[in-house]
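Student: Sequence:
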Amino acid sequence: MKIENYIRDIQGFPKEGILFKDITPLLNDPVARKECLNILVESLKGQKIDKVVGAESRGFFFGMLLAQELNAGFIPVRKPKKLPYETISAFYELEYGTDSLEIHTDAIQKGDQVLIHDDVLATGGTAKAVCELVEKLGGEIVQCNFLMELTFLNGREKINKHPVFAAITY
Numbered sequence: 056m057k058i059e060n061y062i063r064d065i066q067g068f069p070k071e072g073i074l075f076k077d078i079t080p081l082l083n084d085p086v087a088r089k090e091c092l093n094i095l096v097e098s099l100k101g102q103k104i105d106k107v108v109g110a111e112s113r114g115f116f117f118g119m120l121l122a123q124e125l126n127a128g129f130i131p132v133r134k135p136k137k138l139p140y141e142t143i144s145a146f147y148e149l150e151y152g153t154d155s156l157e158i159h160t161d162a163i164q165k166g167d168q169v170l171i172h173d174d175v176l177a178t179g180g181t182a183k184a185v186c187e188l189v190e191k192l193g194g195e196i197v198q199c200n201f202l203m204e205l206t207f208l209n210g211r212e213k214i215n216k217h218p219v220f221a222a223i224t225y
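Note that the numbering used here has the sequence shown beginning at 56, numbered continuously upward.
A hint or two may mislead.
[What the hints assert, rightly or not] Result set (DSSO-like, lysine-lysine): computed pairs, CA atoms no more than 30 angstroms apart in a straight line: (1) Lys136 <-> Lys100; (2) Lys134 <-> Lys165; (3) Lys89 <-> Lys100; (4) Lys216 <-> Lys183; (5) Lys70 <-> Lys213; (6) Lys137 <-> Lys165; (7) Lys213 <-> Lys103; (8) Lys134 <-> Lys183; (9) Lys103 <-> Lys89; (10) Lys57 <-> Lys100; (11) Lys213 <-> Lys136; (12) Lys76 <-> Lys89; (13) Lys136 <-> Lys165; (14) Lys70 <-> Lys100; (15) Lys134 <-> Lys191; (16) Lys57 <-> Lys137; (17) Lys100 <-> Lys183; (18) Lys70 <-> Lys57; (19) Lys191 <-> Lys70; (20) Lys134 <-> Lys89; (21) Lys76 <-> Lys216; (22) Lys100 <-> Lys213; (23) Lys57 <-> Lys136; (24) Lys134 <-> Lys70; (25) Lys191 <-> Lys137; (26) Lys136 <-> Lys191; (27) Lys70 <-> Lys103; (28) Lys137 <-> Lys100; (29) Lys76 <-> Lys137; (30) Lys165 <-> Lys57; (31) Lys103 <-> Lys165; (32) Lys70 <-> Lys165; (33) Lys213 <-> Lys137; (34) Lys76 <-> Lys165; (35) Lys137 <-> Lys183.
The hints are simulated quantities; they were obtained by calculation from the structure and are not laboratory data.
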């Protein structure tokens, strides 16, 4: 089974000139979804994972499934003012400015073995910010894990001190 057959291209979304990789067909097919989960889990063979961090919002889908499969805790990293408890923030660059992400201060304990998951590695700004949050809390990043990597955007360069895995590369 080729899971890339379950990724739909949407031209001009969210704005003209962008080719959006839509994962909803993958989420909708239980066999393809399970195959994708198996590929992501296989990349972690032999690794101990205490926590899975999912980046808002599409990183939550497989992030939660990974946490369940790995018998690990799940931690959402969210946009500002979405988490109810005490948080820390990390800022990252966008093509049109900056944004930030937040994590609860009690989400990770020093020495926790952490898997970071998001749907796509593009320019690497989001992934780098999530890595900074995990490291500020004392977590040890085992892998940055993605459904897809858009290699032509060179996002891996921003997080290359950590192991990176993508189920699909474009």
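Student: Broken hints, numbered, in rising order?
Tutor: The structure conflicts with hints 1, 14, 16, 19, 23, 27, 28, 30, 32, 34, although it agrees with all the remaining ones.
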